[in-house]
Amino acid sequence: MSDKKKLENILEEVQAKIPVHRRLRIEELHQKFEKFADKGLVERPTYKLAPASSLPKCLSSH
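Letter 2 of the sequence shown, counting from 1, is numbered 27 in our numbering, and no numbers are missing.
Hints should not be assumed to be uniformly reliable.
To be verified - Within a straight-line C-alpha distance of at most 30 Å, the following computed DSBU-like cross-link-like pairs (lysine-lysine) qualify: (1) Lys-42 to Lys-30; (2) Lys-57 to Lys-29; (3) Lys-57 to Lys-42; (4) Lys-42 to Lys-29; (5) Lys-31 to Lys-42; (6) Lys-60 to Lys-42.
In case anyone wonders, no lab produced these hints; they're calculated from the structure.
Full structure from sequences and hints, please.
Set out below in structure tokens:
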């Protein structure tokens, strides 16, 4: 198994342990951050926190 696949599996396990209301709050914060980034108020992060399929559509296009 590749390192990337191992990391993806670990990420999925960790995300599965986060309560749904917490995950929704995290996604809500990401959306707010994206709005600030669009306005040029903050730098857009270069990292990915989750597979694109699990992110809101507004975030998965990056």
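Against the structure, the hints come out as follows:
1. Lys-42 to Lys-30: Within the cut-off at roughly 19 Å; holds.
2. Lys-57 to Lys-29: 28 Å, holds
3. Lys-57 to Lys-42: 24 Å, holds
4. Lys-42 to Lys-29: With a Cα-Cα distance of about 20 Å, the restraint between Lys-42 and Lys-29 holds, given a limit of 30 Å.
5. Lys-31 to Lys-42: This hinted pair holds, its Cα atoms lying about 17 Å apart.
6. Lys-60 to Lys-42: 28 Å, holds
Of the numbered hints listed earlier, not one is contradicted by the structure.
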